[in-house]
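With the hints as a guide, bring both chains together as one complex.
Protein chains in written order, with the numbering used here: chain A, 1 to 213; chain B, 214 to 389.
What the hints contain is simulated information worked out from the structure, not anything from laboratory work.
Since this is a predicted model, take the numbers as computed values, not measurements.
Hints are not guaranteed to be accurate.
Said to hold, decoys possible - Here chain A is said to cover these stretches of chain B; the calculated rule only asks that three of the stretch's residues, wherever they fall, bring their Cβ under 8 Å from a Cβ of chain A:
1. 268-276
2. 290-296
3. 308-319
For glycine and all other residues, C-beta sits at the position ideal for the given N, C-alpha and C.
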Amino acid sequence: MEKNGKGVSMPKSSLKSTPSKDDSSQKSKEGRKVQFNNGGSPEERFDYSKSNGKSSSSADKGGNGSTANGKASKSKEKEPLELRLDQDRLKNAKCLMDSEAAEILQGIQDQMTLLSQDATIKLPVSFHKGLSYAQANARYTNTHSVRRVLDTLKKHGVVDGEISVIANACPETAEEVFALVPSLKSKKSILKEPLEVALMVIKPLRKVDSTSV
Amino acid sequence: MFFHIVLERNMQLHPRYFGRNLRDNLVSKLMKDVEGTCSGKHGFVVAITGIENVGKGLIRDGTGFVTFPVKYQCVVFRPFKGEILEAVVTMVNKMGFFAEAGPVQIFVSNHLIPDDMEFQSGDMPNYTTSDGSVKIQKDSEVRLKIIGTRVDATEIFCIGTIKDDFLGVINDPTTT
Chain A
1 MEKNGKGVSM
11 PKSSLKSTPS
21 KDDSSQKSKE
31 GRKVQFNNGG
41 SPEERFDYSK
51 SNGKSSSSAD
61 KGGNGSTANG
71 KASKSKEKEP
81 LELRLDQDRL
91 KNAKCLMDSE
101 AAEILQGIQD
111 QMTLLSQDAT
121 IKLPVSFHKG
131 LSYAQANARY
141 TNTHSVRRVL
151 DTLKKHGVVD
161 GEISVIANAC
171 PETAEEVFAL
181 VPSLKSKKSI
191 LKEPLEVALM
201 VIKPLRKVDS
211 TSV
Chain B
214 MFFHIVLERN
224 MQLHPRYFGR
234 NLRDNLVSKL
244 MKDVEGTCSG
254 KHGFVVAITG
264 IENVGKGLIR
274 DGTGFVTFPV
284 KYQCVVFRPF
294 KGEILEAVVT
304 MVNKMGFFAE
314 AGPVQIFVSN
324 HLIPDDMEFQ
334 SGDMPNYTTS
344 DGSVKIQKDS
354 EVRLKIIGTR
364 VDATEIFCIG
374 TIKDDFLGVI
384 NDPTTT
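Just chain B, with the same shape it has in the complex (with noise of 0.2 Å):
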């Protein structure tokens, strides 16, 4: 889920930044610094919206840097145990499959995907149910429901169940 989130960062600027463009110059380096990164406590960082406050610069002793804590507005992305997302298939294999929803990956294990779909092999492996009528391959869209998540230093992996009740495919890419 998207949030909108007020973050404080303390930004350390060499001194052949200061001068008339200091702000500038803190403000490209906080977006440098910050934006793409992930955190476990506020998820991705999407991107930065607004400079709200700059603090007054601390030098700090042996070195001529100067440390500005500034307050900053993004947007984050986090998922969320218990969380409803819809997400593209991007691989299938006899373990489960694999999905995509914005910058975070979410696996489905296959003992989360209803008993009535069966892995098939092939150039185009996916999860079939025994009549056919919906499938699960790679760009199929579905919904699925997050369990867990995990966050690693540049990036959050969740785990994800389309086992339970409105949760699936919404969206076949071979029926257009």
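The shape of chain A in the complex, shown without the other chains (with noise of 0.2 Å):
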């Protein structure tokens, strides 16, 4: 059993007793150790050396023979999802927040009744189903204080689609912000006081909702 600088010390019986049924057992071999080193529990290190006899090479560059094995894709998974906003697509957006688009469409749907003479110019399902949504969704009563007081993340290193996102989702605390953002984690300690007090701050800005528990 070859050993390499990574310094693998597994006992050899637990090596042999593990099955493998591939002909290029020398690769699955090395395989075995590449996911060892990972320091996986066992139950994963059954798993890996079950699918890495057939997976490729790349388990081997990767030291990581996840792409084949279920259990091992929910552990990455479980490295949360982050908000990954394509910024060369909208390198000229500005991000809104629910309240803000309400406003804004519904200057519109305003303006289109005054200009309804022309019956060609209707506005379209998507329209009306943004709007809805907008409306449901904007849950402050004073759109642009809440703005300013997000915006002093920024200087924190806050994107503009992170502080949309806080403020569409009404967090209670700096908590459920890192929940929801995962970004934001690497900088919780920057942020967290900065959080508390931006969200204490907009709290009563918030629409009293009568059907909230």
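Here it is, written out as structure tokens:
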């Protein structure tokens, strides 16, 4: 059994006991080494060894033979899915909070009722859906104040898209923000206090919802 | 999420529209052509908010049509992976449930619904917790996270999850 510089120290018996049905036994042995180096749980190790018999040498490169394994993909999913705004595509785009969008769309609808002389100009279905969605989620009485308060977070490195997600979600605590926007977790120590302050300031600006518990 | 963005489009205009009202005709044609459409890059164009610039028209060889490059501002709605949205449930079945957020359809598979929620068939199919405290049925409001998007010619379709923290039912229509 070859031992590489990574210093695998597995008892020989466990390696022998794992069945290897593949012809490329050398490959699977190398694969096992790489996986064990990851220090996964014993359960995962056995799963890796079964799957790696079939996997290609890419497992060796990655050091993480998790492509074929459902369990491993679940553990990858536990790394939370981060909000990925394609910055290149939307360079000139301004992220709108639902409240801001509701105001703009309501203004357009009001204009359309004035300009309804031309019967061929009708507002499309997606407009009405967008307007009702924005109005349902427009949670603040004063959108501009909310925008100003949340923009103060920009100096701590929060981007536009993250600010919009925070505003739309109406979180109660900073913990909720970090759970919903995982990309901010790396700056948790810096952001926690300013976030708590900002959330406290915008809380009274929320519209009182009679149906909420 | 809503965005306010500047887009550019080449509009072709038939000579019958030339004259005093050329610009108005151009703008109304733009609105008819663009509002309500959907693209993979920008999402749904919900509404045009203004015209920034109309360039010089170029006559096309062989026809009398003229092409004008038009820059316009519009509100678009585009969902992103990782985004948190609040959606209204439209249909529930044993594979999961469909929900709507604005013009976008979202499907949440039963694999991405918390394990303690079971499907209950009947007149009003729903997902309920074992103690009956939380129910997801038609017209329920749920907070979900988008984990994937797909764009068709005319609509965007998303896959979502409610299996993470702070996600799930916000408003049960039966408890009012």
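Looking back at the hints listed earlier, which ones does the structure fail to meet?
-> Number 1 - this is the single hint that the structure violates.
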